[in-house]
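Start from the sequences and build out the full structure, keeping to the hints where you can.
Residue-level listing of the chains:
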Amino acid sequence: MAAPRACLRLVAPIWNLSASGSRCLSSAVTPEGNQRKGGMLLQFLADRFYDVEALRDYLFQKQLSKVHKKNRSFVGIKKRYGPYIAGASFVLKQGGAVKFQGQEWIRATGHGYSRLKLLNFQAVPIEAVDASDCAINYEGLDNILALKELQSLFLQRCPHVDDWCLSRLHQLASSLQELSLAGCPRISERGLACLHHLQNLRRLDISDLPAVSNPGLTQILVEEMLPKCEVVGAEWAQGLKSGPEEQSQDTASPLPT
Amino acid sequence: MFRGAVWLLAGRGSLGRGLSTRSGGWTPDWTEKVSEIKKKIQSALPGGAWHPLYDTSHLPPEHSDVVIVGGGVLGLSVAYWLKRLEKPRGAIKVLVVDRDHTYSQASTGLSVGGIRQQFSLPENIQLSLFSVDFLRNINEYLAVVNDPPLDVQFNPSGYLFLASEKGAAIMENNVKVQRQEGAKVCLMSPEQLRNKFPWINTDGVALASYGLEGEGWFDPWCLLQGLRRKVQSLGVLFSQGEVTRFITSSSHMQTTSGKGVTMKRIHEVHVKMDHSLEYQPVECAIVINAAGAWSGQVAELAGIGKGPPDTLEGTKLPVEPRKRYVYLWHCPEGPGLETPFVADTSGAYFRREGLGHNYLGGCSPTEEEEPDPGNLEVDHDFFQDKVWPPLAHRVPAFQCLKHLVRLQVRSAWAGYYDYNTFDQNGVVGPHPLVSNMYFATGFSGHGLQQAPAVGRAVAEMVLEGQFRTIDLSSFLFSRFYLGEKVEERNII
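Line by line, the protein sequences give chains A and B. The opening residue of the first sequence carries number 352 in the numbering used here; numbering runs sequentially from there. The opening residue of the second sequence carries number 5 in the numbering used here; numbering runs sequentially from there.
Since the hints were made in silico from the structure, they are not lab data. A virtual CB, placed ideally from N, CA and C, is assigned to each residue, including glycine. Misleading hints may appear alongside valid ones.
Heads up, incomplete: computed chain B residues facing chain A, CB under 10 Å, no partners named [claimed, not checked]: (1) Q46; (2) A48; (3) E144; (4) A147; (5) N150; (6) D155; (7) S161; (8) L197; (9) R198; (10) E219; (11) G220; (12) G358; (13) G360.
Here's what the structure looks like:
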């Protein structure tokens with residue numbers, strides 16, 4: 352393949368877009384018409400040249416390793432400064448927010464955040480984590496599960512949080528009171544089934560989960576599973592169609608004799 | 005004879021020409037004339053039909069480095085790992101032969117799909133742990149460019165094993181081993197059990213072990229199709245046909261103690277096409293026996309077990325098909341979303357299926373009650389007599405089925421276990437005498453959940469000669485001759 356660097360620059364944003372169907376929420380900005388043509392061209396070439404196929408493979412592996420790198424465990428920091436600082440650094444690095452007990456929300460981009468300030472809170476447990484829109488996955492959850500006094504966890508619109516991640520949350524069962532999973536594209540009712548370990552949960556948000564097959568029924572079953580918890584999510588009547596209205600119209604119209 | 009044919013031709017031609025009008029030229033049935041002439045020449049010439057250039061695209065290739073007999077989840081897993089671990093890329097030509105491309109009787113598709121780490125042997129636990137990792141990262145392992153990602157529909161609900169007084173000590177021991185290997189399992193007392201799962205009747209239960217992570221059930225068909233798709237993209241060839249014969253050669257050798265021993269090597273595999281006598285001899289270097297319930301028959305074709313009893317030559321592969329039933333029933337007041345895969349003290353099991361209060365379950369029959377494995381017909385009385393009573397005792401909500409048993413059983417099917425009659429654990433690795441046949445079979449009901457790890461182990465054995473990641477030396481064939489049983493210590 353000639354001019355590999357130029358090719359990569361051309362190919363990389365197109366790859367991001369063609370993969371976005373399955374990976375979701377990647378931030379490519381090229382216009383629709385161009386990207387579809389580019390995607391088709393890439394597919395055409397990939398079907399005919401092993402090099403292009405290997406290139407696509409390589410780009411895909413690179414995307415995956417990017418997510419993995421973001422989710423490394425902060426083992427060194429954990430050993431030196433304790434689990435709370437490690438968890439806080441992890442969440443802040445990902446772009447989320449952290450709330451220590453008795454303090455305000457700390458965000459990486461916000462006012463008054465500095466890494467040195469964090470060190471003051473070495474012994475202060477974290478009571479809330481807001482990891483919304485972060486690329487946190489199964490491995491990265493290690494850092495959060497070490498926070499044994501966590502009371503609220505917000506995982507809204509996280510693209511890599513799936514059913515496997517939910518099965519790990521049982522480690523926070525003793526303290527977790529509020530959990531929000533709204534808008535996560537990979538969570539289905541199968542992952543929600545393992546939330547029954549969280550017996551102290553008082554508020555659960557399961558709205559807008561596209562992978563759940565039957566949102567209304569799932570809401571009812573989750574409410575039955577966690578009787579002391581307030582489940583916010585789909586309305587139970589969402590799955591029902593407007594049958595009775597049609598019937599009443601029929602009876603009103605005169606029957607043919 | 006030729007002259008006679010030519011005269012016939014000339015005579016025919018002149019007759020034809022004579023009949024047609026001069027201005028009209030040839031009669032229009034030229035092709036018919038040609039085929040008649042061809043037939044006449046053929047009947048005049050000696051020998052049968054000779055078709056030098058006919059279509060062989062339906063036949064497997066004539067040479068292949070590795071032939072995998074059996075295209076189920078184990079066979080495809082071995083093919084995948086062979087292609088992944090080979091050095092350099094594209095070095096090994098692999099052919100997968102399966103006699104049914106619809107997988108209508110294959111154990112993989114008919115499986116209930118459970119995966120657990122609650123075994124008593126460390127090897128089984130390690131195999132299962134790796135397989136769960138594989139399933140979790142299935143879209144990294146089995147990614148194919150431009151194909152949609154796989155969704156194995158994993159339900160992480162865990163397994164719940166119940167033990168009576170007699171089995172409580174064994175269960176505690178098992179859980180200790182499982183925890184050592186890294187499985188996340190916890191023990192529960194009957195009171196904790198009642199608190200967590202109020203629908204259980206803990207009568208007769210002394211202890212329970214519950215898997216917290218990495219256990220549950222998934223869609224085996226998705227795993228099979230994912231493996232198939234990936235393996236095809238890596239260049240593995242598929243052939244639909246039945247292995248009917250192995251062409252082997254023997255060499256007589258002597259052990260260090262002077263005893264004579266016959267070592268065999270398989271040179272060719274004869275693959276016979278469906279509904280036809282046509283077969284293709286495939287020359288190969290290595291044969292992998294992953295034929296599931298029929299592995300015993302395939303091994304016999306290679307001469308394994310043909311010899312005086314109590315010798316290594318005479319030791320058969322003790323894998324045979326055993327029929328198991330699975331029933332799907334509906335119970336509106338049954339346990340809810342949190343239901344794990346429950347395995348009762350009596351051996352009956354059930355799990356939740358979907359969101360509509362449907363449950364899948366079954367029971368392993370005792371040796372005396374083993375059904376005839378000749379077909380996959382379902383015995384509905386078995387559900388009434390053996391499966392429903394213990395489950396209804398354990399989960400009182402199921403007694404709603406008492407008066408309507410047949411009506412509420414929505415569906416049932418039967419599948420085969422590749423049952424290892426010796427110790428109910430898998431056979432992995434080469435045969436000591438037939439040095440190029442490797443086994444990956446005999447897992448007796450837990451083949452699906454260990455398939456990715458077993459595939460990797462067999463691929464390592466083939467490519468490097470030893471197990472590198474998980475040591476399965478206790479699952480080798482030689483244990484059948486030495487009489488060393490490697491049994492799971494099951495709780496009663």
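Hint by hint, here is what the structure shows:
| no. | hint | result |
| --- | --- | --- |
| 1 | Q46 | 44 Å, violated |
| 2 | A48 | 50 Å, violated |
| 3 | E144 | 6 Å, holds |
| 4 | A147 | 6 Å, holds |
| 5 | N150 | 6 Å, holds |
| 6 | D155 | 8 Å, holds |
| 7 | S161 | 5 Å, holds |
| 8 | L197 | 14 Å, violated |
| 9 | R198 | 14 Å, violated |
| 10 | E219 | 9 Å, holds |
| 11 | G220 | 8 Å, holds |
| 12 | G358 | 9 Å, holds |
| 13 | G360 | 8 Å, holds |
Of the numbered hints given earlier, the model fails hints 1, 2, 8 and 9; all others are met.
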